[in-house]
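Engineer: Here are the chains, one letter per residue:
Protein chains: 2
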Amino acid sequence: MRTYLDCFPCFLTQALRAGRIATDDETKIKKVLDEVGMMLREIPLDSTPPQSGRWIYRKVGEITGIPDPYRDIKKESTRKALSLYPYLKKQVASSDDGLLTAIRVAIAGNVIDFGSNWNFDLNTDVDDVLEKDFALFDYGQFKDRLNAANEILYIGDNAGECVFDRILIEEMNRPVTYAVRGAPIINDATYEDAVDAGIDGVATIISTGTDAPGAILETCSAEFKKVYHRSSFIISKGQGNYEALSMEPEPILFLLKIKCHIIAKDIGVKKGDIVLKANKGPRKK
Amino acid sequence: MRTYLDCFPCFLTQALRAGRIATDDETKIKKVLDEVGMMLREIPLDSTPPQSGRWIYRKVGEITGIPDPYRDIKKESTRKALSLYPYLKKQVASSDDGLLTAIRVAIAGNVIDFGSNWNFDLNTDVDDVLEKDFALFDYGQFKDRLNAANEILYIGDNAGECVFDRILIEEMNRPVTYAVRGAPIINDATYEDAVDAGIDGVATIISTGTDAPGAILETCSAEFKKVYHRSSFIISKGQGNYEALSMEPEPILFLLKIKCHIIAKDIGVKKGDIVLKANKGPRKK
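Residue numbers (the numbering used here), protein chains in the order written: chain A, -16 to 268; chain B, -16 to 268.
Honestly, the hints are just simulated from the structure, not real lab data. Heads up, a few of these hints could be off.
The list cannot tell twin chains apart, which means a pair is met if one copy fits it or any two copies do.
[To be verified] The calculated lysine-lysine pairs, modelled on BS3-like cross-linking and capped at a C-alpha distance of 30 angstroms, are:
| id | residue 1 | residue 2 |
| --- | --- | --- |
| 1 | Lys248 | Lys14 |
| 2 | Lys253 | Lys14 |
| 3 | Lys11 | Lys253 |
| 4 | Lys73 | Lys254 |
| 5 | Lys14 | Lys242 |
| 6 | Lys42 | Lys208 |
| 7 | Lys11 | Lys248 |
Looking at chain A on its own, in the form it has when it is part of the complex (with noise of 0.2 angstroms):
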């Protein structure tokens, strides 16, 4: 997805919300929004939100010297989400549709994000999402990949979530790769989010070798293109990896809730709405 003008107030919120989640310094919480304010115009329409998301909270972590605000944040989200687990587990076996029940679970995972939205309430917007219509549905393509899928790779988004997308994984019962970020960005996975989610005990986790918000391909690493490109069957999950991979041809999955309202006029749906979105584009070879 491109930068859209209203992106540009948008990187200035989080860039305010990062600097009070890192410091109580309003000098120094000022000082980045001076220099966020001054890397606007190096930020061109045609580039993808996550790859100024990097810059700018790589620059909140400079100027406050904590790299990784969100760093608690995390840790509680995991450990929010792992005593939903069990719950998450009935109402997939007590489904009708198992593997669409275990598709809304991922998604509902989804409404944990501290970059776009701080106004939510997990227990609520989780059974709000499993009973939620679909604004796009393509269920049927992605039962259609995963059946002819021998490998899957799964790009995760947020810590927290990861416990969600360990259920998804679970009732595909394929082999996964779970990709998470290669450093600490936002609130979004790394390894040891993924751990202690539990995703090690059912995929392999590796990186995407990038600190980018979302798995812009230029700045991933070789191995986790490698495994990208071999892969028939990708699930995107979250805003931040629909913005990077978007536009780009793989036969890519989207699976997320819709927290922003240029996100929502790109993709054409409402913001609130759930999306299963399947890429359109061709296949590159």
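With chain A held as given, fit chain B onto it using these hints.
Structural biologist: Below, chain B alone, put in the same frame as chain A:
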């Protein structure tokens, strides 16, 4: 009022909004965002927000070549407001306390604000304010000062809103000097807008002598300051004038609807509240 950290993303949002009113050219609007981004570090936290608003909206004019993008919107606001005039006069005439209803009418007009809020429906919002409880209600002081005043300085805010102010001026029935902005800025009222609203028939219109979206004294003309300092009763309309004058010691009565959560926090009320607030500071002499 000082500039809070939250004002910085809002400065960019306002620049984007004004840029879009002025032009469809995305490249020009991007340049507006780039240049406003660069200005942020020049904005100290102890300045008032309208000081920055002045520079930001001036920058929008410079880059887009449209110094008064809100011109048509202002004309339309005044037209709509004039169509409500007979209804509003009837509300005041049929009320038990005509002065209080006229104050409510004046505050109701303050919903017309393209700086901080676009989502207003004039008819609905006016009726809402006519019924709503005040969050701060220094009506006793308003009446005492009105009774003691020989001359009133009434500092206007937005175009269209002037029509509502006219009703309060008519109800007070005292000599009033009505101050407008010295040049177009956002949808703030200028001399022309006040005349369009019929203010010239009920008050002497003067200019603050500044193009700031609030009467920041150090930027106002000597003529305005002379009137300001000799006034024993000053009515200040809207957020911009509150931001500019809230720390001044003169006997000001602020009439406004709260459309921004930062101003709400500064005053100690909630967004959406209506306020009739006397300045507590001692008179400078």
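Engineer: State for each hint whether it applies.
Structural biologist: Now the hints, each set against the structure:
no. : hint           : verdict
1   : Lys248 - Lys14 : between (32 angstroms within a copy, 23 angstroms between copies)
2   : Lys253 - Lys14 : between (35 angstroms within a copy, 29 angstroms between copies)
3   : Lys11 - Lys253 : between (36 angstroms within a copy, 28 angstroms between copies)
4   : Lys73 - Lys254 : within (29 angstroms within a copy, 42 angstroms between copies)
5   : Lys14 - Lys242 : both (28 angstroms within a copy, 27 angstroms between copies)
6   : Lys42 - Lys208 : within (27 angstroms within a copy, 44 angstroms between copies)
7   : Lys11 - Lys248 : between (34 angstroms within a copy, 22 angstroms between copies)
Hint violations for this structure: none, all hints satisfied.
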